[in-house]
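Chains as they are written, first to last, in my numbering: chain A, 1 to 325; chain B, 326 to 690.
Fair warning: there could be bad hints in the mix.
Computed, partial: chain A to chain B, Cβ under 7 Å [said to hold, decoys possible]:
hint, residue
1, Ile58
2, Ser59
3, Asn96
4, Asp166
5, Asn312
6, Pro313
Everything labelled a hint here was simulated from the structure, so no lab data went into it. Model, not experiment: these values are computed from the prediction. For each residue, glycine too, the CB sits at the ideal point set by N, CA and C.
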Amino acid sequence: MPLIQYREAIRQAMAEELTRDPNVVILGEEVAQFHGAYKVTEGLLEKFGPKRIVDTPISEAGFIGMGIGASMLGVRPVIELMFWSFYSVAFDQILNNAANVRYMSGGQINCPIVIRGPANGGTNVGATHSHTPENVLANHPGVKVVVPSTPYDAKGLLKSAIRDNDPVMFLENTILYGDKGEVPADDYLIPLGKADIKREGTDLTIVTYGRPVIQSLAAAHLLQQEHNISVEIVDLRSIRPLDMDTVLASVRKTHRVLVVEEQKPFCGVGAQLAYMIQSEAFDELDAPIARLSTIDSPSIYSPPVEAEQLPNPQRILKAVIEALD
Amino acid sequence: MSKKSSATAEARSEPGTGNPDLSGAPVNASLSVEQKVGLYRLMVRIRRFEERSLRAYQAKKIGGFLHLYIGQEAVAVGCCSLMGKDDHVITAYRDHGHAIAVGMEMNPLMAELYGKATGCSKGKGGSMHFFDPSRNYWGGHGVVGGQVPLGVGLAYGLKYKGLKGACMTFMGDGAVNQGSVHESYNLAALWNLPVIFVIENNGYSMGTSQARSSAGELARRAEAYGMAWGVCDGHDLFEVRAFMAPFLEEARSKCKPAVVEIRTYRYRGHSVADPDNTYRAKAEIEEYRKTKDPIQVLQNTLLAEKVLDEATIEKIDTAARAEADVSADFSEASPFPTVADLQKDVYWEVDNPSERKSQGRLFFN
């Protein structure tokens, strides 16, 4: 199987769907001539031409709203946000139009759009560019929220997202863009809402998604080697829909849970997960559910401190040991 | 192409022609007697529907807000009467007039106001959120200016699919200072999208007059984007049609966007929650009602043309009142949606379970 980067996997997904469906169009800042701020869309303009790959002005509310309007007529826009952090200037369009239009019209209108781009800290770009809004987005019934951690998942999930008839928010990660993984060159889909066991274990379950999956794998390796602790890692992949069956099955197996999220803790995804696990598997738990989040302040610039503000393998390792105490 | 608009005669000119006389515009001259009567009937039906809805509101049959269009009927009917099969309409929350103007029936509209399952949006949208995509009517949007990018998207979709239509994107004068509107102007002009931005200027953004809220002339802002623009009075249906037709044709045939301002007036407060006693004089409302009421103006014209007579006027009015009463009875008798209906029409996949591809939970209680 070819070994390709996360960004290439996303590009392959878009290229395959552009080829498959003439209604798919890529919109965003610098996606065409510049080849994408993070080179995710590199080469697509040359292959598909300017009608399908469209550079937009810096005008997120305008072009996201435009994409929503076009989707009501059956166009399937895949809209790149250079950073998900900029969702805030287009939030009215996302939550009042994309999320609500099907409901407010009594089910008469679909909104088959994908909004995709990176949502992560860890690159020393300060508080304005380091938002992780998956909890905020998932708070709105009507949208789906996907956060892939590997190249394989990114391709299969994005293809499903593009074919989905509901609006899908697809949150990538600039730090993962260069990660390589095995990705089939042909057509495959990963259904939204299906979690993946990234590592099997017996002592504790880490429930996580996005880049913390990769960090948790590193921590689990150390825990096994140095502490003889066997950690199971559940990668949610999709926040909404949410695969609780896989989470609960793992809890029944290990009886201890650590939720790891690159999220501020208050009303974060981890809070929802912890509530659901205790509510649905209370008798299976041998210890309180532990939670590791981003340290609760605006994202700091200072590079060494930012690394400590976010989840990282050492913080995860420590949290696992504490949870097993 | 840009157009001057400060003088009324110029404002009424068609794009590129400079012809100030619109009375014999082909778009009006070609109307049959039946069509003229039909347009008059539409305006009367909108008026009577809204008067009936106000009574229902006062009787506490309707919740929330009720933004009445009374006084503005010639704008929606004039513009929407020009629609071809590939033309589309989207508007803000003062949306009852446009809904009836595109052909929606009173029963599902009144039932929507009553919050009933038989409403056009199954009781999920309410007054501000009427929709009928089968008639190219895309709502009905509650946030000031929020629908304007969607209108650009409809135009983008038309052009992408190679259809020769245009999207009339309505907004109030209070919307013109929203960022989303300016972002929309830029995209439409930059990409030559077939959209007409129609500013229905009723003089007041809620309780703040135009003079207190907006710098400069509203439609002239189009000049900054290199778009055509124009201004017309909105109380005369034929004038609205004659004014709009060439803009629509330019949009359809050449993908030329434009911004138009149609000057109109609302008799009622911003919504029924507005006591309307702080920001304008009663005499101002009375003056408009006496001299420029759009239904009266059209009635006078059609009487003079002998298209209408008193008996027909009476018949149309009686029928419209009866239709509105029937719609209220229909709504009263209709069931409310159920609590189980809350989680329908949220996700396409949930409503189409046999075609669902995703797994996992989509709802969390």
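Tested hints:
Given hint, Ile58 of chain A at the interface with chain B, is violated; its Cβ is 10 Å from that chain's nearest Cβ, farther than 7 Å. Satisfaction of the interface hint for Ser59 of chain A is found here, the shortest Cβ-Cβ separation to chain B being roughly 4 Å, below the 7 Å cut-off. Of the supplied interface hints, the one on Asn96 of chain A holds, with its beta-carbon coming within about 5 Å of a beta-carbon of chain B, less than 7 Å. At a threshold of 7 Å, the smallest CB-CB gap from Asp166 of chain A to chain B is about 5 Å, leaving the interface hint in force.
At about 28 Å, the closest approach between the beta carbon of Asn312 of chain A and any beta carbon in chain B exceeds 7 Å, and the interface hint on this residue is violated. Taken as an interface hint, Pro313 of chain A does not check out: its beta carbon lies about 28 Å from the nearest beta carbon of chain B, beyond 7 Å.
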